[in-house]
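In the order they appear, the protein sequences are chains A and B.
The numbers in numbering that gives the first Met the number 0 rise by one with no breaks, and the one at position 24 of the first sequence is 23.
The numbers in numbering that gives the first Met the number 0 rise by one with no breaks, and the one at position 107 of the second sequence is 106.
Mixed in with the good hints, there may be bad ones.
One copy or two, either will do: identical chains are not told apart, so a pair holds if it fits within one copy or between any two.
Said to hold, decoys possible - Calculated pairs, DSBU-like style, for lysine-lysine (alpha carbon to alpha carbon, straight line, at most 30 Å):
| no. | residue 1 | residue 2 |
| --- | --- | --- |
| 1 | K101 | K3 |
| 2 | K83 | K101 |
| 3 | K44 | K21 |
| 4 | K67 | K101 |
Think of the hints as simulated: they come from the structure by calculation, not from any bench.
There are 2 protein chains.
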Amino acid sequence: MLEKTTRVNLLYDFYGPLLTKKQQNFIELYFQHNLSLGEIAEEYKISRQAVYDLIKRSVSSLEKFENKLHLCSRHMSQREKYEKIIDILNDHENQGNDELKKIVSDLMDL
Amino acid sequence: MLEKTTRVNLLYDFYGPLLTKKQQNFIELYFQHNLSLGEIAEEYKISRQAVYDLIKRSVSSLEKFENKLHLCSRHMSQREKYEKIIDILNDHENQGNDELKKIVSDLMDL
Numbered sequence: 000m001l002e003k004t005t006r007v008n009l010l011y012d013f014y015g016p017l018l019t020k021k022q023q024n025f026i027e028l029y030f031q032h033n034l035s036l037g038e039i040a041e042e043y044k045i046s047r048q049a050v051y052d053l054i055k056r057s058v059s060s061l062e063k064f065e066n067k068l069h070l071c072s073r074h075m076s077q078r079e080k081y082e083k084i085i086d087i088l089n090d091h092e093n094q095g096n097d098e099l100k101k102i103v104s105d106l107m108d109l
Numbered sequence: 000m001l002e003k004t005t006r007v008n009l010l011y012d013f014y015g016p017l018l019t020k021k022q023q024n025f026i027e028l029y030f031q032h033n034l035s036l037g038e039i040a041e042e043y044k045i046s047r048q049a050v051y052d053l054i055k056r057s058v059s060s061l062e063k064f065e066n067k068l069h070l071c072s073r074h075m076s077q078r079e080k081y082e083k084i085i086d087i088l089n090d091h092e093n094q095g096n097d098e099l100k101k102i103v104s105d106l107m108d109l
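Looking at chain A on its own, in the form it has when it is part of the complex:
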């Protein structure tokens, strides 16, 4: 379950704004605040099955966006390369390294 939660949260970071407000709420309650389906159902006065269906459809939408835009996989390739740059900079004490490290750190925050 943890692996799935991590995956959904990463997808949600990228594509969350493309979901409806209701889908966003349910994803956040379930995957970020760890409420159970029953708890969400109670809060929204709908059936547990309806909550399950809505969350399932939302996750499926997130995966569809990733299949089209590949933002998560591109993000992971970028992180890998940023870390490689930092490794190389740490291996050598060269001129300009502090400035380079600052830029890479800014890139990681983008």
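Assemble the complex: chain A is given as a structure, and chain B must be docked to it using the hints.
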């Protein structure tokens, strides 16, 4: 017009896969192959106004995606930082620079 074309083509690079096949075709014909509205209308046997409306709605969709996901503006910030890294590397002849330049060049291709 050129500025708008550049903007639409950049947006299309990022969000094109989220448009319908028909929207994609029209955007490509108009903004990449530089066909006129009349030429597209003739090819698709629809009115010039219909072509205009479809293209206008498609561009508006692309802008809406950008307002939600900010991929273009993030992309431009990244490019700026990659170029800064290359400038710093070119200013100093240090150990590991060739390897770093290669990684940044890979990042630019992502």
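Tested hints:
no.: 1; hint: K101 - K3; verdict: neither (33 Å within a copy, 34 Å between copies)
no.: 2; hint: K83 - K101; verdict: both (14 Å within a copy, 11 Å between copies)
no.: 3; hint: K44 - K21; verdict: within (14 Å within a copy, 41 Å between copies)
no.: 4; hint: K67 - K101; verdict: between (32 Å within a copy, 28 Å between copies)
Comparing the model with each earlier hint shows a violation of hint 1 alone; every other hint is respected.
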